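Protein chains: 2
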Amino acid sequence: MPLRFLRPLVLALSFSTSVAYAADARLFQYSTIDALLAGAYDGNISVAELARHGDFGLGTYNRVDGEMILIDGVFYKAKGNGKVEIVPPQELSPLAIVTHFQPTKEISLAGVATLAELEAQLDASLSNKNAFYAIRIQGNFTGMTTRAIDPQVKPYKPLAEVTKTQSIFKLGSTSGQLIGFRSPAFVKGFNVPGYHWHYLSSDLSSGGHVLALQLTAGKAKIATISTVELQVPDTEGFIAADQFKDRAQELHAVEKIRE
Amino acid sequence: MPLRFLRPLVLALSFSTSVAYAADARLFQYSTIDALLAGAYDGNISVAELARHGDFGLGTYNRVDGEMILIDGVFYKAKGNGKVEIVPPQELSPLAIVTHFQPTKEISLAGVATLAELEAQLDASLSNKNAFYAIRIQGNFTGMTTRAIDPQVKPYKPLAEVTKTQSIFKLGSTSGQLIGFRSPAFVKGFNVPGYHWHYLSSDLSSGGHVLALQLTAGKAKIATISTVELQVPDTEGFIAADQFKDRAQELHAVEKIRE
Chain Y
1 MPLRFLRPLV LALSFSTSVA YAADARLFQY STIDALLAGA YDGNISVAEL
51 ARHGDFGLGT YNRVDGEMIL IDGVFYKAKG NGKVEIVPPQ ELSPLAIVTH
101 FQPTKEISLA GVATLAELEA QLDASLSNKN AFYAIRIQGN FTGMTTRAID
151 PQVKPYKPLA EVTKTQSIFK LGSTSGQLIG FRSPAFVKGF NVPGYHWHYL
201 SSDLSSGGHV LALQLTAGKA KIATISTVEL QVPDTEGFIA ADQFKDRAQE
251 LHAVEKIRE
Chain Z
1 MPLRFLRPLV LALSFSTSVA YAADARLFQY STIDALLAGA YDGNISVAEL
51 ARHGDFGLGT YNRVDGEMIL IDGVFYKAKG NGKVEIVPPQ ELSPLAIVTH
101 FQPTKEISLA GVATLAELEA QLDASLSNKN AFYAIRIQGN FTGMTTRAID
151 PQVKPYKPLA EVTKTQSIFK LGSTSGQLIG FRSPAFVKGF NVPGYHWHYL
201 SSDLSSGGHV LALQLTAGKA KIATISTVEL QVPDTEGFIA ADQFKDRAQE
251 LHAVEKIRE
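Protein chains in written order, with UniProt numbering: chain Y, 1 to 259; chain Z, 1 to 259.
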């Protein structure tokens with residue numbers, strides 16, 4: 001008897017949860033990946049301002065000084081020298097993708113031998129290949145290869161040139177968090193189609209842009225994004241960047257491991 | 001003496017104006033051009049909801065039933081039968097691009113022989129090729145060629161097939177308004193790179209997607225957009241749409257005049 005009376009209340013609650021969720025499932029992006037590839041390394045958005053748009057995300061800092069990892073509202077910088085630092089609020093970024101992380105789905109992962117296998121497992125559980133997802137994975141890894149870049153000096157070279165001298169870290173056995181986004185194919189030009197991962201170890205000592213991994217066990221929390229907000233910089237570097245060129249090949253060279 | 005005391009106040013005022021402008025110079029887009037090209041013709045956003053995001057813009061209505069022209073908060077539909085109607089608030093759209101139009105620049109135009117010439121004249125006055133602009137032109141035209149599409153029935157064919165049977169209107173001498181956006185190259189996949197124009201005559205009797213024009217005299221009002229908000233539909237059609245394919249050729253066939 002009490003159950004019958006409770007049912008309408010339960011329905012009403014789940015409806016209002018769904019509405020609140022949709023309104024907040026927003027990704028904020030500052031600048032474009034093509035501008036970064038072209039060498040627009042100096043943005044004018046501060047970490048403090050980025051924090052208004054999200055508590056979770058990734059990107060880089062001005063002069064491509066290290067990899068940005070934003071977890072629970074804290075901005076970390078995985079540096080080219082292998083160290084990880086917490087970033088002061090006034091630090092600027094030329095490219096960042098952040099969200100107020102609100103996972104609606106959790107999946108368990110085990111025995112994942114490669115990054116491609118991880119992405120295939122995630123793909124199998126995602127219903128909409130044309131949507132954006134934010135993904136946070138707490139895991140134990142038997143292998144983790146990351147990279148980070150030293151701060152550049154002007155005149156800036158294109159990113160595909162710069163990454164030829166990137167620092168590569170083979171972390172071996174490590175536990176920590178992957179911060180990632182999956183973006184649909186139609187983002188080519190302004191973001192990275194498919195998956196993009198940054199890593200931070202649980203002891204906060206190492207991390208960076210992920211090139212390869214082996215995962216023994218982990219939990220992925222997944223948030224579906226319904227709205228993407230792209231802020232277009234008015235910096236000299238952004239305006240001057242050649243964004244007409246197809247930079248798909250350069251992006252692949254920059255994002256993936258070099259054979 | 002009074003002038004010297006006034007200066008700090010003037011500076012403060014211009015600073016606050018600039019901040020207010022930047023915060024509002026936002027373009028809202030529902031769905032992607034690639035989804036529309038693939039045949040995702042049924043959206044779930046109403047005209048009433050679009051009105052919350054802008055008073056100026058363009059797009060289409062469900063079943064690609066006519067061309068959307070949004071001017072001063074009024075949604076017009078230029079239909080495949082050549083008529084123009086005002087659209088009720090509950091009508092749905094599969095693709096729309098709208099903004100609260102706040103022009104910051106005005107330029108005069110005269111003796112423009114082709115659409116390409118118009119776009120070259122505008123390009124010459126725009127400082128940032130990597131930015132978005134909303135453009136409203138009130139003008140007198142000696143020629144204006146528009147098109148509109150009749151409502152489609154399921155199963156929907158791709159847009160490049162559908163436009164083979166579009167209605168083309170050669171309006172001859174006409175005065176009215178062009179509603180347009182200029183988007184940077186990096187939007188390929190989700191919007192139309194370069195210019196995209198819809199037209200509505202001053203007597204509200206004719207209009208549509210612009211294929212060609214000759215302009216004798218006009219005024220262009222231009223608004224710079226700093227933020228683009230892309231809302232990703234969760235409709236069946238959007239999820240199913242093949243947005244992996246490069247649709248640049250299809251887009252050209254659909255947007256431009258067929259020789």
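Keep in mind that a hint or two might mislead.
Just so you know, same-sequence chains aren't split out, so a pair can sit in one copy or run between any two.
[Claimed, not checked] Computed list of lysine-lysine pairs in BS3-like fashion (alpha-carbon distance at most 25 angstroms, straight line):
#: 1; residue 1: Lys245; residue 2: Lys79
#: 2; residue 1: Lys83; residue 2: Lys129
#: 3; residue 1: Lys154; residue 2: Lys129
#: 4; residue 1: Lys245; residue 2: Lys256
#: 5; residue 1: Lys154; residue 2: Lys105
#: 6; residue 1: Lys129; residue 2: Lys157
#: 7; residue 1: Lys164; residue 2: Lys221
#: 8; residue 1: Lys170; residue 2: Lys245
#: 9; residue 1: Lys105; residue 2: Lys83
#: 10; residue 1: Lys219; residue 2: Lys157
#: 11; residue 1: Lys154; residue 2: Lys170
#: 12; residue 1: Lys79; residue 2: Lys129
#: 13; residue 1: Lys154; residue 2: Lys219
#: 14; residue 1: Lys105; residue 2: Lys157
#: 15; residue 1: Lys170; residue 2: Lys129
#: 16; residue 1: Lys219; residue 2: Lys245
#: 17; residue 1: Lys83; residue 2: Lys245
#: 18; residue 1: Lys245; residue 2: Lys221
#: 19; residue 1: Lys221; residue 2: Lys256
Read the hints as simulated data drawn from the structure, not as lab findings. Quantities reported herein were computed from a predicted structural model and do not represent experimental measurements.
Here's how the hints hold up against the structure:
When the C-alpha separation of Lys245 and Lys79 is checked against a cutoff of 25 angstroms, the pair qualifies neither within a copy, at 29 angstroms, nor between copies, at 37 angstroms. When the C-alpha separation of Lys83 and Lys129 is checked against a cutoff of 25 angstroms, the pair qualifies neither within a copy, at 36 angstroms, nor between copies, at 38 angstroms. For a Cα distance limit of 25 angstroms, the shortest separation of Lys154 from Lys129 across copies, 23 angstroms, qualifies, whereas the shortest one inside one copy, 39 angstroms, does not. Proximity of Lys245 and Lys256 under a CA criterion of 25 angstroms is satisfied in both settings, with 20 angstroms inside one chain copy and 22 angstroms between copies.
Taking the shortest alpha-carbon separations for Lys154 and Lys105, neither the intra-copy value of 44 angstroms nor the inter-copy value of 33 angstroms comes in at or below 25 angstroms. Within a single copy, Lys129 and Lys157 get their C-alpha atoms only as close as 34 angstroms, which misses the 25 angstroms cut-off; across copies the closest is 21 angstroms, which meets it. Taking the closest pair of Cα atoms, Lys164 and Lys221 never come within 25 angstroms of each other, the shortest separation being 33 angstroms inside a single copy and 46 angstroms across copies. Taking CA atoms no more than 25 angstroms apart as the test, Lys170 paired with Lys245 passes in neither setting, with 33 angstroms inside one copy and 36 angstroms between copies.
With identical chains, the CA atoms of Lys105 and Lys83 are never at most 25 angstroms apart, being 32 angstroms at best within one copy and 48 angstroms at best between copies. With identical chains, the CA atoms of Lys219 and Lys157 are never at most 25 angstroms apart, being 39 angstroms at best within one copy and 41 angstroms at best between copies. In this homomeric assembly, Lys154 and Lys170 never come within 25 angstroms of each other (Cα to Cα): the closest approach is 29 angstroms inside a single copy and 54 angstroms across copies. Proximity of Lys79 and Lys129 under a CA criterion of 25 angstroms is satisfied in neither setting, with 33 angstroms inside one chain copy and 33 angstroms between copies.
Taking the closest pair of Cα atoms, Lys154 and Lys219 never come within 25 angstroms of each other, the shortest separation being 42 angstroms inside a single copy and 42 angstroms across copies. Proximity of Lys105 and Lys157 under a CA criterion of 25 angstroms is satisfied in neither setting, with 41 angstroms inside one chain copy and 35 angstroms between copies. When the C-alpha separation of Lys170 and Lys129 is checked against a cutoff of 25 angstroms, the pair qualifies neither within a copy, at 31 angstroms, nor between copies, at 41 angstroms. When the C-alpha separation of Lys219 and Lys245 is checked against a cutoff of 25 angstroms, the pair qualifies neither within a copy, at 39 angstroms, nor between copies, at 32 angstroms.
Within a single copy, Lys83 and Lys245 get their C-alpha atoms no closer than 35 angstroms, and across copies no closer than 41 angstroms, so neither meets the 25 angstroms cut-off. In the homo-oligomer, the alpha carbons of Lys245 and Lys221 never lie at most 25 angstroms apart, since the shortest distance is 36 angstroms inside one protomer and 29 angstroms across protomers. Taking identical chains as interchangeable, the C-alpha atoms of Lys221 and Lys256 lie at most 25 angstroms apart only when both belong to the same chain, with a minimum of 23 angstroms there against 44 angstroms between chains.
Hint compliance for this structure: hints 1, 2, 5, 7, 8, 9, 10, 11, 12, 13, 14, 15, 16, 17, 18 are not met, and every other hint is.
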